[in-house]
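Engineer: Residue strings, one per chain:
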Amino acid sequence: MAASGRRLRGDPESGFTMDETVAEYIRRTVLKIPRREIMEMLTIWDFLSKTQLQTINVHHTKERISQEVVTLCEENCAGIKQAAILDMIYNHTYPNKKVWTVYQMTRVAGEETDSLNLADFKYKFKRSLQTALKNVTINFREYEDNALWIRIAWGTQYTKPNQYKATYIVYHLQTPYVFISSLRSNLPLLCQALVHASNYHDIHEMELRSRCLDSLKDIVFKRYSQTFQTYHPRPLQERNVAPEKVDPRIIQENKREKERIQRVNQEVFGNGLQPKIEFAQYKLETMFKGEPEMDILTEKEPFRCVVKFSSPHLLEALKSLAPAGMADAPLSPLLTCIPQKARNYFKIKERKDILSASCLGS
Amino acid sequence: MRRSGRPSPRGRRPQQDMGTPDSLGMTPLGRKTAETGINFTSTTRFSRGLTFIRTHTLFGQSPARRIIPQTSLLQENADPQKIAFLLRKQWTLYSVTPMYKFSYGNLKEYSRLLSAFVAAEKQKGLAVEVGNDLGIKVTLSALLGLKGTDQDQAAILVQIASRSQLPVENAEDRVVWSGWFCCVSGDDFLENVPEDFTCLSLFLANGAESYTTIVGTWFQKTFDCCFSRLTISPLNLAWMAAMWTGCEVDSHMAATELVFSVPCLPQTLDISYAIHPEDAKALWDTVQKTPGEVTQEEVNLFMDCLYSHFHRHFKIHLSATRLVKVSTSIASAHCDGTIKILHSKHLIGVLMLLTELAISQIQ
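Those sequence lines, one after another, are chains A and B.
Counting from 8, one number per residue, gives the positions in the first sequence under our numbering.
Counting from 12, one number per residue, gives the positions in the second sequence under our numbering.
Just chain A, with the same shape it has in the complex (with noise of 0.2 Å):
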């Protein structure tokens, strides 16, 4: 194991030597984890045992506590395989640090399906990259909620994994839906593993990305609050609201038009709290239409631009327009249509019946 320029780290009782480069992954590791949730995730680790947790002293610098984590991995024999777990953990806690994309796998029509087996899967698709692949380390980590979170760090045929740009999937196994984030390349290679292993036909790229990831299983999995995406003028129903206590002199000028903006929204929006993403793209080609006295361009080439919403909380902040003032009641479609068709980037174009945009796919 003495391989050129490598220092390694011994433990003079065990003679086990932990390889130089896990002991400083798991050091980096430990050292992204804040403070207050260290011990929690050592705990869920379940890598080092009660008493040697106990040694841990949290309230010392980060430094220091990442070293003695690292000295107590040396006494357990800690591999890689340990330190990738570990990072697992991380990410399963911390999944907003990273952009998700979704993917969605088809089937051919009429196609017998059995239900996955997921030894099965997991076989399969590590077969299938390590056929391909050499160097490649790949972990799995079940999770209650039915998702199968994958670790991927890729090597080349010379160079051994780069453990710190893995790559990371969650798939649901009984959905056709996958989560994949900081995939820098490889993507057919990993494409051709999820179908194979899944006994899918196909898989391709949603246009849809967030880096809230409950969010995007919310849109693709239909849990949000869901609403007719047509606009019924219905008499306003009873609610409970408290009376608010407001001076009888004061009389609000557009009381009617601002219940049907609140009713309008409500009936587009739904209820319930809209999932959370941060961006949404429309690539537009239609014609320019101004109003009917600037009827400037006779162009017969569409206008071409690209527009761009971002916010902390799109959806949320696009339901506020309205209230505020900013947009008619009800907003447009092509953003209101945003989890029910699973997308945020969008190309439209312009329908050659209609001359209003539609939601057209790309």
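The hints are simulated quantities; they were obtained by calculation from the structure and are not laboratory data.
Be aware that a few hints might be false.
As a list, the in silico DSBU-like pairs of lysine-lysine whose alpha-carbon atoms are at most 30 Å apart [stated by the list, open to error]:
(1) K326/B / K348/A
(2) K290/A / K119/B
(3) K336/B / K315/A
(4) K351/B / K290/A
(5) K265/A / K326/B
(6) K135/B / K315/A
(7) K296/A / K100/B
(8) K292/B / K356/A
(9) K326/B / K307/A
(10) K105/A / K336/B
Given the coordinates of chain A, work out where chain B should sit on it, guided by the hints.
Structural biologist: Relative to the frame of chain A, chain B by itself:
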């Protein structure tokens, strides 16, 4: 090269910039408006320079029309390398009142004095050997070629360089901060300037703000002038979007991008609206009636067209939001008062507009 039209109180559309300091700004003499960012306090009496700036707009609002000069090229004596240095950098904008008894012949002397001042300021509070100059060198030089008319004063470049620590002979000094004064076609707005005053109304700075403060303080003390941060109202940003979209660009055209920020929401929302450069220019060309001249109506119409195209798709009223940034192939500008100029061909045109904004802020 001529005068912009006298302002007449036309029926204007309600402007977005009501409530921002530079639009309401009737600054009574002797008192300062609150500025964003650095507030330089002049220790001497308020600058004498203000009394002869012609009021060409009502209440600091933008003029009814602006001329785009046909020949806005750099003058022949411009140094291409120095000009290239000005491009593709982000500059923070300030307006400067006229400087008293500034002499182009004394640039070397000023360099020496300013070097000493910068070194002294930097050393405040530090226990440093006397005479140690911390390896900082300040140079003032003339920037030739940045004039709109012959009446303009020549531009001045100030650079702070830190002496190379390397023992190598002739190792290059590293420029850590740059600032330049200019006034392009300022004579439209300045009349009867007495002999002792030099009008270099626009100041652009790049580098650490601490240096900007130090340099500004020295100029204020030495020449009895006053610096203030030049913010750009959404109205003027709209002018820039319209004027710059219309410029001819030979090489790579970039999209015309407008960035809006939506106020008054529980969550911040930013909207970027980027239009293909050819389509944006085609739209502007149908709006602009007289070549070489841009009117307020044309700018409003251009913006309204863009707003209504947006509204048709999204049902959102962009006119209710705040325009904060404009980017075009020519230049990009942010409402906080920063600018980046991309082409030397249009440098003079951009500086002319900024000079006008600087002078109108001084009023």
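Engineer: Taking the hints in turn, state whether each one holds.
Structural biologist: Comparing the hints with the structure gives:
no.	hint	verdict
1	K326/B / K348/A	19 Å, holds
2	K290/A / K119/B	55 Å, violated
3	K336/B / K315/A	14 Å, holds
4	K351/B / K290/A	26 Å, holds
5	K265/A / K326/B	17 Å, holds
6	K135/B / K315/A	47 Å, violated
7	K296/A / K100/B	37 Å, violated
8	K292/B / K356/A	21 Å, holds
9	K326/B / K307/A	24 Å, holds
10	K105/A / K336/B	28 Å, holds
Checked against the numbered hints given earlier, this structure breaks hints 2, 6, 7; the rest are met.
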